[in-house]
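J.: Model the placement of chain A on the given structure of chain H, informed by the hints.
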Amino acid sequence: MPALREAQTYVACALRDGPMALPGALFAGDARRILLAMAAHANTISHGRLVALEDSFTATRRALGEAAFNQLTRAYIEAGLGLDGQLNDIGHAFPDWLEAQGQGAALVAIARFDLAFLRAHHCRDAAALTLSDLPDDADALMALPLARHPAASAHALTPILLDAIEQPDWSGKAAILITRPDVAVRLFPLGVAAHDAWGVLAEPVTFAELCANLGVTHDDAAIIPAIIELVRAGALQLGTQP
Amino acid sequence: MTTLADHVRALPPRAGIGLKPQHYALLLDGLSDAVRPFWVEIHPQNYFRDGGVSRHWLERVADALPVSFHSTGLSLGSAGGPDMAQLDWLARLIDAVPASSVSDHISWSRTAHEYFPDLLPIPYIQASLDQMAASVGQVQDRLKRRILVENPSRMLAYQGDSWEEPEFIARLCAATGCGLLLDINNIVVSATNIGIDAQAYLDAIDPVLVGEIHLAGHAVEQHDVGPLAIDDHGSAVGEICWALYTDYIGRAGPIPTLIERDNDVPAYDVLVAEAQRADHVLCATKECADHVLTATEHCLASAA
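Chains as they are written, first to last, in the numbering used here: chain H, 1 to 242; chain A, 1001 to 1304.
Next up, chain H with everything else stripped away, as it sits in the complex:
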């Protein structure tokens, strides 16, 4: 019997590289049963990782088809990515890895959408700004600091993303917004002005600064409805006072 650490290293190598890494004197019993048991452990581990990736990237899987998705997720695992932490975070590097593999930008965008959806689901709770939080006084409104809600993200719409999330009615829209202002994750289609407003909010700004930024490229009549669109969706929170 080798030392404990050595024994576990042998087993880990065998699970990764196959049973040739196992010393003959480690396990008791018939060699064929030992191989069978090691294969069963390897299958359990592989299955757990692949299912976790399936559960995390549902839209990506739908877009790619099952066979191509399975091929890519197996390659991702064989590349050793995401294997050091919990299963529910195994896919954190998957979109970047897809990009590095030369997969198309549209597919990478779907994977980023899936990851953002998952992160919204698990994001820390935070109070979303509501319409009733907006001051009636114009000066106070203009001075209101705004920031993105931590669970929210926006994703430029492409035909392949529309198909993957099964929302064909949103085809004229600029982007999809993911929010979780309360217990449920929600999707909203965003118009061009609201999407641009979201872009400005990459850094916290006041209401007045947001309006001024949007005024460069949009009619005055479109600015307030675009901000209201984000507030109604639960995509914003109060920023910190300057």
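Hints are supplied without guarantee of correctness; some may be wrong.
Stated by the list, open to error - Derived Cβ-Cβ restraints for the label pairs, each shown as a range:
| hint | chain 1 | residue 1 | chain 2 | residue 2 | range |
| --- | --- | --- | --- | --- | --- |
| 1 | A | 1091 | H | 10 | 28 to 34 Å |
| 2 | H | 10 | A | 1144 | 34 to 40 Å |
| 3 | H | 138 | A | 1043 | 51 to 57 Å |
| 4 | A | 1197 | H | 101 | 51 to 57 Å |
| 5 | H | 143 | A | 1030 | 35 to 41 Å |
| 6 | H | 85 | A | 1222 | 44 to 50 Å |
| 7 | A | 1127 | H | 127 | 49 to 55 Å |
What the hints assert, rightly or not - Example chain A residues on the side facing chain H (calculated, C-beta under 7 Å, incomplete):
| hint | residue |
| --- | --- |
| 8 | 1049 |
| 9 | 1116 |
| 10 | 1155 |
To be verified - Covered, in the sense of this in silico footprint (three residues per stretch, anywhere, with C-beta under 8 Å from a C-beta of chain A), are these stretches of chain H:
| hint | segment |
| --- | --- |
| 11 | 28-42 |
| 12 | 131-142 |
Keep in mind the hints are simulated off the structure, nothing from the lab. Where is the CB? At the ideal position from N, CA and C, for every residue including glycine.
T.: Relative to the frame of chain H, chain A by itself:
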């Protein structure tokens, strides 16, 4: 709103079920039903987040029922010690949500650089005992409470084991003050795979050590070299498992019992009906009404 008392309440010696996301609302809606689980169990790793949808539901459930935290990722048997990141998360979760019981496994799941989503066996030798005892001690110190360790389902036995599994468990409990989460299905699986005697195994387990029992189903593959039992928690509890359980409870008295199902999870009513079968076994014991292992007698009675 939970109270301070909720943080120390023990699991009732009745039947519980594993809490699944698809059952959150059904569970909360059915709390006043005559047939219902008396407690639930979670895998805390599924809630290792600062907030979110799952945490919201867990907090609501924990307000209504005792919750057992059955960890799968501390890797107590790793030569390098327990997974400290997971232990930190577990401590944070327990600070936020009351845990009536905390448990993990006699197994290992990680090396320094890789996490294996499986429960891999350890040899029953002095070095493993020392290492497991150190890890359990570390966890108990961090959580400021005693924990339960679950007997593993095994497909492999190491050469040169110094003790049979029940003896290893007894030594581990004696060394650390931890209790045992007795998984009877795991004993049936190990009996199929490595030829242990399930009845003799149970006869060797002192009920005073047992804080919780797991019942589950498993799959069996037929091979040229004989059957291989896979502990997949993917089917109803088998009759051999029920018979061993009934016999053990008849001897030990009522012990909190979980119907464990992680794959092919059935409808909520089906799961609760299976729990009710366990509850009938528990309530058939003459000690049921008196909770034979009282708060002062039980292995988890005093703080670690």
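J.: For a quick check of understanding: which of the numbered hints are violated here, in increasing order?
T.: Hints 5, 6 and 12 contradicted; others consistent.
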